[in-house]
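So the protein sequences, as listed, match chains A and B.
Residue 239 in the working numbering is what sits at position 238 of the first sequence, and the numbering runs on without skipping anything.
Residue 87 in the working numbering is what sits at position 86 of the second sequence, and the numbering runs on without skipping anything.
Hints in this document: simulated from the structure, not taken from any laboratory.
Please read all numbers here as calculations on a predicted model, not as lab measurements.
Do not take every clue at face value.
A pair counts as met if it fits within one copy or between any two copies, since identical chains are not told apart.
Said to hold, decoys possible - Calculated cross-link-like contacts (lysine to aspartate or glutamate; reagent style EDC-like; alpha-carbon spacing at most 20 Å):
#1 Lys70 <-> Asp337
#2 Lys59 <-> Glu335
#3 Lys69 <-> Asp93
#4 Lys70 <-> Asp221
#5 Lys59 <-> Asp140
#6 Lys101 <-> Asp396
#7 Lys70 <-> Asp148
#8 Lys59 <-> Asp372
#9 Lys376 <-> Glu348
#10 Lys69 <-> Asp337
#11 Lys363 <-> Glu7
#12 Lys340 <-> Glu97
#13 Lys380 <-> Glu347
#14 Lys340 <-> Asp93
#15 Lys380 <-> Asp337
#16 Lys374 <-> Asp319
#17 Lys374 <-> Glu286
#18 Lys14 <-> Glu269
#19 Lys14 <-> Asp172
#20 Lys59 <-> Asp342
#21 Lys144 <-> Asp342
#22 Lys380 <-> Asp93
Protein chains: 2
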Amino acid sequence: MDKSKEFEMKEIKGGVTAPQGYKASGVACGIKQSGNLDMSLLVSDTPANAAAVFTTNKMAAAPVHLSKKHLADGQAQAVVINSGNANACTGDGGYEDAIKMAQVTGAALGIDAHDIVVSSTGIIGVPMPMDKVEAGIKDGAAKLYADGGGCAAEAIMTTDTFVKEHAVSFDFDGIEVKVGGMAKGSGMIAPNMATMLAVVTTDAAVAPELLKSMLVSAIDKSFNSITVDGDTSTNDMVVVVANGASGAEVTTGNEAAFQAALDKVCIELAKLIVRDGEGATKFIEIDVVGAASAGDAKKAAMAIANSNLVKTAFFGQDPNWGRIVAAVGYSSAEVDASKVDVYYGEEKLVENGRVVAYDEAKVGAVIQAKDIKVKVDLKLGSGAARVWTCDFSYDYVKINAEYHT
Amino acid sequence: MDKSKEFEMKEIKGGVTAPQGYKASGVACGIKQSGNLDMSLLVSDTPANAAAVFTTNKMAAAPVHLSKKHLADGQAQAVVINSGNANACTGDGGYEDAIKMAQVTGAALGIDAHDIVVSSTGIIGVPMPMDKVEAGIKDGAAKLYADGGGCAAEAIMTTDTFVKEHAVSFDFDGIEVKVGGMAKGSGMIAPNMATMLAVVTTDAAVAPELLKSMLVSAIDKSFNSITVDGDTSTNDMVVVVANGASGAEVTTGNEAAFQAALDKVCIELAKLIVRDGEGATKFIEIDVVGAASAGDAKKAAMAIANSNLVKTAFFGQDPNWGRIVAAVGYSSAEVDASKVDVYYGEEKLVENGRVVAYDEAKVGAVIQAKDIKVKVDLKLGSGAARVWTCDFSYDYVKINAEYHT
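Okay, chain A solo, but in the shape it has when bound (with noise of 0.2 Å):
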């Protein structure tokens, strides 16, 4: 699932701002009370490509629809993202506040505001401080700096612990090309609702189609393949932007290395927001082996990832293959009873749907640790898929149950 051993990839520093071509940055505006950068700002020296893969939540956010409107002919410029307020159920005002967003970007830049791609994340059901918003907007382009990608990724945090960023290098005929990228999430959180946002950078030039189907590959790979609560927010958005910079032009047919770097840096990103999920004390990678389809090994895969009895069960450190078999069986996936695989590591615990005699402490050391790998083999094809999640502790309800609106 996971190409990038099959090409050399290098990691390297930073996140969006790592390959050429980018310049970002973080600013404080006052949207959040604690003073925290809250506006973020990426810019492209050049117009570029871009896609966009958005929230399938139908009260989806004011700067969702004006972003898939701005995307629609696969250009993009720069991406503006604030965090404190997630302008979500905020009516004809809130749209408009959008655009105004836009405006105001596109404005400090020099550039279209139909090449500004609108984020927000935060608060729901507060109208936006469009005094403040602009400010920080005209105070971002002013601060914007080729290393800036730090603070563009500390400005788009929430309740996020820690600022979450990737990027690797490849060799592509001779050419370096680079994939950056940074993200949010911890859940779908305080405030009201928190948000899963990427944004990845590349300076290798890629027509927005193949830009676009790629991003859909990587992210079934990575952002579709994790949990923390299994709830969708109304403003989850993962955008990528290619400059071009680098000289190198990805196109059907010599995409396979950019493709796994893509991959690499968004299943990277993804991890970061699985271990930042919220009162997580484990990680847990879950792969479903020999399914009778990779969609049915996905649907098995993420029945377990999502299951509270599972998720209590790691944080209890039991290693309750009982929850997992059960998972298994009420996804929609095609099980055979008699068939099924577990093993916690290396060590197999339930063969053919029954518990066999295991090593304990072999077992007991698995689950103590706090990155655990799961593996359930359905034998009834070559249908694979990994999937990460985190375990589910006192900390989720007290995170989720003490904010008050």
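Please arrange chain B on chain A, whose structure you already have, making use of the hints.
For chain B alone, kept in the frame of chain A given last:
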């Protein structure tokens, strides 16, 4: 949805032995280490019609497979249920044990083994202690009483904290007909998982096919309209037995009052399961109205009811309408974001997808009560659904994390 108000019926004492012509017992045979009751028997004085709905989990336990077979002819005279061991993930040996349970019960009662419904709930992956089980069945068969329903209901409990029974009677053309039931379940829980089980009896005569279709209809409004943690166990079963002892014959055309009584008993039992939800401190009734279809209403209502974020907000006594709106948005129901209204009790918080000025004191009183009503009006059509859920507390995590296999 609940038609009980349209038909005259009265609540009566007891459960499965409230209708005429049934005897039951509950004994302790040592399957549970606690020494609590763990063998439940219900017997009709005469052969009876019966119908059941079983778990859709593909890892369904051995007794589920056997009982499906035994009920294929629409006939059953007795139900034997042990608690403490689920006889799940036990392979061919487990299936033979389930057959043995039917045989021993049949022999003790002088009934054909094929007319016995068998069910098990408790720990999974452990072979049944058949010596104890056989002794328990024989003991139970010797202690059958016409008022034994309460003992039978107690003997099916696992982590339940109280016995769950309900019964009603109504006039059917001058004949008093009774419907009674017992249930167990408080989530899918420790030891390895628990189960939702319910047995309903009536002294009306109902042909098997009609009985099945009426049961399916009742379950849709009751057991399939509740959620504690969204997990579906390997052992779930709801069975209804109709022995005709009252002399009343329910047929297509005169079935409405019986359907209402069956609905009422199933709904009350389902609500008791939610009230006993693991760690629950709140009982929440969710109405979705104005949906494009009844199916859409159910999808939106269950998305709200299953959301960890919604459930933790109720535990925190916070009127977090944003999480409710988001859950509606990611359900697969048709939604127009600019039309959604949300009420807590009688107080409207959201109108046309936007928060409105609401009376905080009134909403505070709603959210601080133990029983809470939430209504969502999608304003698209006449589809409606009512579901019940509980909140999500520290104790849910505690109960599910602290058990060790």
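Next on the checklist: Hint by hint, where does the structure go against what was stated? Just the numbers, ascending.
Outcome noted: 4, 5, 6, 7, 8, 11, 21
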